[in-house]
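Asker: Next come the chains, spelled out residue by residue.
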Amino acid sequence: MTSPSERDALQLKFRDPERGKALVEKLAHLTESLGRSPVAVMHVCGSHEQAIARFGLRHVFPKALDVIMGPGCPVCITDVPEVDEGVALAQQGVRVATYGDMLKVPGSAGSLADARAGGAKVDIVYSVSQAVELAQKTNEEIVFFATGFETTAVATAAEILRGPPPNFSVLSAHKYIPPVMEIVAEMPDTRVEGFLAAGHAATITGWGVFEAFVERHHLPVVVAGFEPLDVLAGLVRLVELIHDKTPKVDNMYPRCVSREGNVVAQQQLWQVFRPLGGRWRGIAHVPNGNLRLRDEWAHLDARRRFHIDLARLWTFAPPTLVQHCICGDIMAGLKSPTDCSLFGKECLPDTPVGACMVSSEGTCKIWHQYGGHPELTRAVEVNP
Amino acid sequence: MCLGVPGKVLEVDGLVASVDFWGVRKQVRLDVVDAPVAPGDYVLNHVGFAIRRIPAEEGLATLKLYHDLLRKQGEEDDLMAADVRAEIEAAGPGWWRDCDKPL
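Quick mapping for you: the protein sequence lines, in order, are chains G and U. The numbers in this note's numbering rise by one with no breaks, and the one at position 240 of the first sequence is 240. The numbers in this note's numbering rise by one with no breaks, and the one at position 20 of the second sequence is 1020.
Hints listed in this document are in silico derivations from the structure and should not be mistaken for laboratory results. Beta carbons: idealized from backbone N, C-alpha and C, even for Gly. Any given hint could turn out to be false.
[Stated by the list, open to error] Keeping only pairs whose Cα atoms sit at most 30 Å apart, straight-line, the calculated DSSO-like set for lysine-lysine is:
no. : chain 1 : residue 1 : chain 2 : residue 2
1   : G       : K104      : G       : K335
2   : U       : K1026     : G       : K104
3   : U       : K1026     : U       : K1008
4   : G       : K345      : G       : K63
5   : G       : K137      : U       : K1064
6   : G       : K335      : G       : K245
7   : U       : K1008     : G       : K121
8   : G       : K345      : G       : K335
9   : G       : K104      : G       : K63
10  : G       : K245      : G       : K104
11  : G       : K21       : G       : K345
12  : G       : K248      : G       : K335
13  : G       : K335      : G       : K137
14  : G       : K21       : U       : K1064
15  : G       : K104      : G       : K137
16  : G       : K335      : G       : K121
17  : G       : K104      : G       : K121
18  : G       : K63       : U       : K1064
19  : G       : K248      : U       : K1064
20  : U       : K1026     : G       : K245
21  : G       : K121      : G       : K137
[Said to hold, decoys possible] Computed footprint of chain U on chain G; a stretch qualifies when at least three of its residues, placed anywhere within it, have a C-beta under 8 Å from a C-beta of chain U:
no. : segment
22  : 114-122
23  : 142-156
24  : 224-237
25  : 281-288
26  : 362-368
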């Protein structure tokens, strides 16, 4: 058992500047020893990008090391037709409950926020449990628009297994991370030489799930946590593995991730969901990348309970700015937010054009919130 | 929505725990956590569900990993690493030795 002071001490250890500096030095040394530039690695988690931005880590990364954020933001990769389904249901008069960061995500003809402004009933919940409680308090039909990776899918699964009230159903847009890493690793233009795997998703799946991936693609995978030292240590280990040309899985987050993962959660996940191929916004068709309700839960599946009238959405012209959005290339690691002509201009957190500017886990939103790169670049140019 | 937050368990009532997140008290469900949770434990919370119990000694195990990572540099002339090692050693008895179990 840990006392509060011990906990603080432990937390400080994960933010200890001295140890951080030593890791930064080591990272620089290792990257230099690779003898080429740039060397690109990819992380697949919004929480990693937040840690990198919040603690200013990108500033201390070696110049030769490109740390790219891949498709790790669940809001960003929720596909347009999935958002459309939620919007259509809301406009049909069904009460839709969803996570707060889904509200402003643009579909082909507006977002849930737009639907709400137009009079539709859209509730923001922190947890699927709140959506169930909402259903218990009313006779209205409540559809939980379920988004997120395996970490949130297990919560949805747990509520379904508990037996929600009959007026509750689920519109699942849940996604499963391991298959998308296969896609990104095989993209023709990819420069990615190694992956930093998301510690929280791996808490569920276990790090063993990446072993077959490493064998197939000969790229190292390091599971890392979310404190600044976790990220730095994960990168050090990853560059070390690239340097040694020994593709393997390494776990730098043993306080949360084991080889087999959370077996209890996995059982519940696969009892409720089945993997199905489908599009991830801006990325590609991802085989087995979507999680849909199994047939035995058909009575809780909003897609089967309701006729979702998508046609009624298309009385609006689609916004033309969307055609300039490069979210997909950003999530594939091919471009940065600063390469986008809309970033910080037409596309802002209050008026997002692309999904990457919506969520607190989206690359563009994070870069914008923490100052982004344009100001830094300009400052350097003016005062060399 | 998928940001994970660690918190300290204050009370457990069946499948619901009352958890302190930096002074904010919240109910967290224990349906999917894979180990028995008791007051005083830490849990990793995702959207109101604990997905992992974090034993304190495993936090130390991670720190030991970083320690080894730095030590492996094997460059005795690297003063920075030496300083960090000294600081780690100075962190108190048992800080590292307690977690020498295999990872």
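Asker: Hint by hint, note whether the structure agrees.
Answerer: Structure-based check of all given hints:
Simply put, K104/G and K335/G have alpha-carbon atoms about 23 Å apart, close enough for the 30 Å limit, and the pair holds. Simply put, K1026/U and K104/G have alpha-carbon atoms about 26 Å apart, close enough for the 30 Å limit, and the pair holds. Note on K1026/U and K1008/U: the hinted pairing holds, with a Cα-Cα distance of about 10 Å set against a maximum of 30 Å. Restraint check for K345/G and K63/G: satisfied, since their Cα atoms lie roughly 27 Å apart, inside the 30 Å limit.
With a CA separation close to 50 Å, the supplied pair K137/G and K1064/U exceeds the 30 Å bound. For a cut-off of 30 Å, the pair hint linking K335/G to K245/G stands: about 26 Å separates their Cα positions. At most 30 Å may separate the alpha-carbon atoms for a hinted pair to count; K1008/U and K121/G exceed this at roughly 35 Å. Note on K345/G and K335/G: the hinted pairing holds, with a Cα-Cα distance of about 17 Å set against a maximum of 30 Å.
For the proposed pair K104/G and K63/G, the alpha carbon gap of about 35 Å is over 30 Å, so the pair is violated. The hinted pair formed by K245/G and K104/G fails the criterion: a straight-line CA distance of about 43 Å is larger than 30 Å. For the proposed pair K21/G and K345/G, the alpha carbon gap of about 36 Å is over 30 Å, so the pair is violated. Straight-line distance between C-alpha atoms of K248/G and K335/G comes to about 27 Å, which keeps the hinted pair within the 30 Å bound.
For a cut-off of 30 Å, the pair hint linking K335/G to K137/G is broken: about 47 Å separates their Cα positions. Restraint check: the Cα-Cα separation between K21/G and K1064/U comes to about 17 Å, which is no more than 30 Å; the hinted pair holds. Taking the CA atoms of K104/G and K137/G, the gap is near 26 Å; set against the 30 Å cutoff, the hint holds. For the hint pairing K335/G with K121/G, the CA-to-CA distance comes to about 37 Å; that exceeds 30 Å, so the pair is violated.
A hinted pair counts as satisfied when its Cα atoms are at most 30 Å apart, and K104/G with K121/G qualifies at roughly 15 Å. Between K63/G and K1064/U, the direct Cα distance comes to roughly 28 Å. Compliance with the 30 Å bound is thereby established for this hinted pair. With a CA separation close to 21 Å, the supplied pair K248/G and K1064/U stays within the 30 Å bound. For the given pair, K1026/U sits about 46 Å from K245/G by alpha-carbon distance, which is inconsistent with the 30 Å threshold.
Proximity of K121/G to K137/G is assessed by CA-CA distance (about 15 Å); at most 30 Å being required, the pair is judged to hold. Taking a C-beta to C-beta cut-off of 8 Å, the segment 114-122 of chain G contributes 0 residues in contact with chain U, too few for the three needed, and the coverage statement is violated. For the segment 142-156 of chain G, the assignment as covered by chain U holds, since 7 residues bring a beta-carbon within under 8 Å of that chain's beta-carbons and 3 suffice. For the segment 224-237 of chain G, the stated coverage by chain U is satisfied: 7 residues place a CB nearer than 8 Å to a CB of that chain, which reaches the threshold of 3.
By the rule of at least three residues with a Cβ nearer than 8 Å to a Cβ of chain U, the coverage given for the segment 281-288 of chain G is violated, with 0 such residues. Here's how the segment 362-368 of chain G fares: 0 of its residues keep a CB closer than 8 Å to some CB of chain U, so the rule of at least three is not met and the hint is violated.
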